[in-house]
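Please take these sequences and the hints and turn them into a complete structure.
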Amino acid sequence: MKMTGIIFSEMYNDELNAFTHDRNMAAIPFGGRYRLIDFTLSNMVNSGITNVGVLAKQHYHSLMDHLSNTQEWDLNRKNGGLLLLPPFATESFNQIHRGKLDELRNALDYLQDATTPYVLLASAHTLCNMDYRPALESHINSGCDITVVATKEEAASETPFTFVLMADESGQATACALDYPASAGSYAATGTYIISRELLIHVIQEYTAQGAYDLERDFIQRKFNQGKLSINVYQCTDVVLRIRNVAEYFAANMSLTDLKVRRSLFRPDSPIYTKVNDEVPTYYGMDCTVSGCIIADGCIIEGNAENCVLSRGVRIAKGAVVKDCIIMQGSVVGEGAVLENVIVDKWATISAGTELKGLASAPVIIRKGVTV
Amino acid sequence: MIERKKECISMLLAGGQGSRLYVLTQDTAKPAVPFGGKYRIIDFSLSNCVNSGIDTVGILTQYQPLELNDYIGNGVPWDLNRNFGGAHVLPPYTKTSNNQWYKGTANAIYQNIPFIERYNPEYVLILSGDHIYKMDYNKMLQFHKEKGSECTIAVITVSNEDATRMGIMSTDANQAITEFEEKPAHPKSNQASMGVYIFTWEVLKQYLIADEADPNSENDFGKNVIPAFLRDGRKMFAYPFEGYWKDVGTLGSLWDANMDLLDPKDPLDMRNPHFKVYARNYASPSSMLAPGSKVTNSFVAEGCEIYGTVENSVLYTGCVVEAGATITGAVVMPNTVVKSGSSVNYAIIGEQCVIESGATIGDRPEHCLNTDWGITVVGHKRTIPSGAVIKPKEII
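Protein chains in written order, with the working numbering: chain A, 814 to 1185; chain B, 10 to 405.
The hints are simulated quantities; they were obtained by calculation from the structure and are not laboratory data.
These numbers were taken from a predicted model, which means no experiment stands behind them.
Where hints are given, some of them may not hold.
Straight-line distance between alpha carbons at most 30 Å, and here's what the computed BS3-like set of lysine-lysine pairs gives [to be verified]:
#1 A:K1131 / B:K104
#2 B:K274 / A:K1131
#3 B:K15 / A:K891
#4 B:K15 / A:K1131
#5 B:K197 / B:K244
#6 B:K104 / B:K15
#7 A:K1136 / A:K1181
#8 B:K197 / A:K1131
#9 B:K303 / A:K1073
#10 A:K1136 / B:K303
#11 A:K1088 / B:K104
Spelled out as structure tokens, the structure:
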């Protein structure tokens, strides 16, 4: 394989701090049995990448716990495998990372020791099931300095994307903008880049020495605008779920019952791996009603659930009504409780008879381990 | 030289054909038959070993071992990938002389004396991969040591009727075995052998060698080795086990054991987080219960997509139940598709089957005469054509 993989386990300026006060972005539970990072990591493995470095900024215990058995992703290798790259403070640099370039400084030794000609940079919070090999081929054929994997936006968007590009017919970028809404026919980047290892090492050394820390702003956009960087845009045609705030996180979970999303994200020929928990299959009780739900193993459902994502080991007691909710691992919804548009983090208890209602755009969030 | 040693290792007899499971064991060994949504029968014995602190397991295979070999792999799912010990699949092999298949259960162990000696164990636990139960073998080992036993046989209390089909132990007040009868017409006790033995290895080794030298022996534990121990007045004790235990050797008992999982009292203690049953995992997504689906009193593993109706059933990993399909009282093994308008009643459907639309499999007992009713069984990888009717008791 010609690529080394680097995963950014954080996004910067994230608005998901309700879930990230004791775990980092990559370790946020998703879709019943996954953590966000599982998708990018599995894509790398399924694309034949066997060297993966995972960059972490802070409170990464949960991520370490999740990734500790690298066996699950087939990344227990003699050569390469998975390496967590936590912050490494030095005399000259001991602050919390401000951006991807700061983080990449941590991976400098790792990248210098790697032997592959190319590096794939990817974010943990963009979910899709894609093969990176055709993207590499496109990068090599384009002769460009960097390849940006992006989705083509058929319609203009109101909300801004992190990084938007225009490209000509050959896929060469003609313009780019940060935090900008997409116009019809423009490309929205997925946070996935292919670059030669040599150039990346050079960029990290040169730019961080000048105090630059934002990969997109300080390197890609600035150098492109100076006419010193050619960008190849590779169009990803698979379903891409971007998770930058609570509303997007909520909507992405809810979209898993959409067959187009399910078929694109979960494919037998490229499985999404995760940490195995050896839970028993889920038991559906005598009088339960369940409709439009995504449900992991180990649940006991005796109440009513509609349009929900239920993680491993969730219990919905008799008479409880749970509608448009995400209930994370091990949480219990007591008898007769009524929840609507609620996200319940792990190991929380919703006492019998409790009523909680949020909005789809602003769900009520119950923190990890809390009893309501 | 100081040799590393294990106090107790386990030998798991997994070579049986399980012929009474008919189509379900046509191409696979009985221990590899799927069970309980996401498991295979052998997962229970393997998990028991690991949960009892036994980390060395020889798995003796002979009949159709391919699927079992693949399933066990390097033992990772059960934490049986160890530097010293772990899971080892042991098929019969050729030697400079006397090449043979495993002639019987005792002969299978005899042929693997060199494997056992590598671990220089004090005790050997002999298991069969045919039963569904959770048991702490370490407690039995303590019992074996406390009694100064040379052969300890785990026993479970059964009804008089069941006793006529099993190996029955009579014991004195101290649990010492005084008599052993295989399938007695008039059982003298209700303590039946579970097929779980702990032997003091030095003693067992002598008996295996003697048994092999006897041309009249069938080289079987129940028929030859245990009676020989008893004849010679060896120290033999029955270890009483309390808890759920089921031989799933017949289609009826396999169906029953699956249905027992729906018991809210959880007799098998499946949800005990400190004594989990481990299984190989196939990275399927969470199950999807679509709008309009109706699932009640059922066990559903991950990777399923349900649009239709499922009641009183066990659905294994990756099954699809289309809209308008109805599944009642059924055991549906992994990756089977039940298409729209078909109905599956009181049946066992094998792995990777396709039930085309409008097919009817089995029937409810209340719709049949007593004598006509029974579990319907469809073997692995079968396609049931559209509109077909498969009657109760049929096996295809």
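Right, here's what the structure says about each hint:
| no. | hint | in the structure |
| --- | --- | --- |
| 1 | A:K1131 / B:K104 | 63 Å, violated |
| 2 | B:K274 / A:K1131 | 16 Å, holds |
| 3 | B:K15 / A:K891 | 29 Å, holds |
| 4 | B:K15 / A:K1131 | 49 Å, violated |
| 5 | B:K197 / B:K244 | 21 Å, holds |
| 6 | B:K104 / B:K15 | 26 Å, holds |
| 7 | A:K1136 / A:K1181 | 20 Å, holds |
| 8 | B:K197 / A:K1131 | 47 Å, violated |
| 9 | B:K303 / A:K1073 | 22 Å, holds |
| 10 | A:K1136 / B:K303 | 16 Å, holds |
| 11 | A:K1088 / B:K104 | 42 Å, violated |
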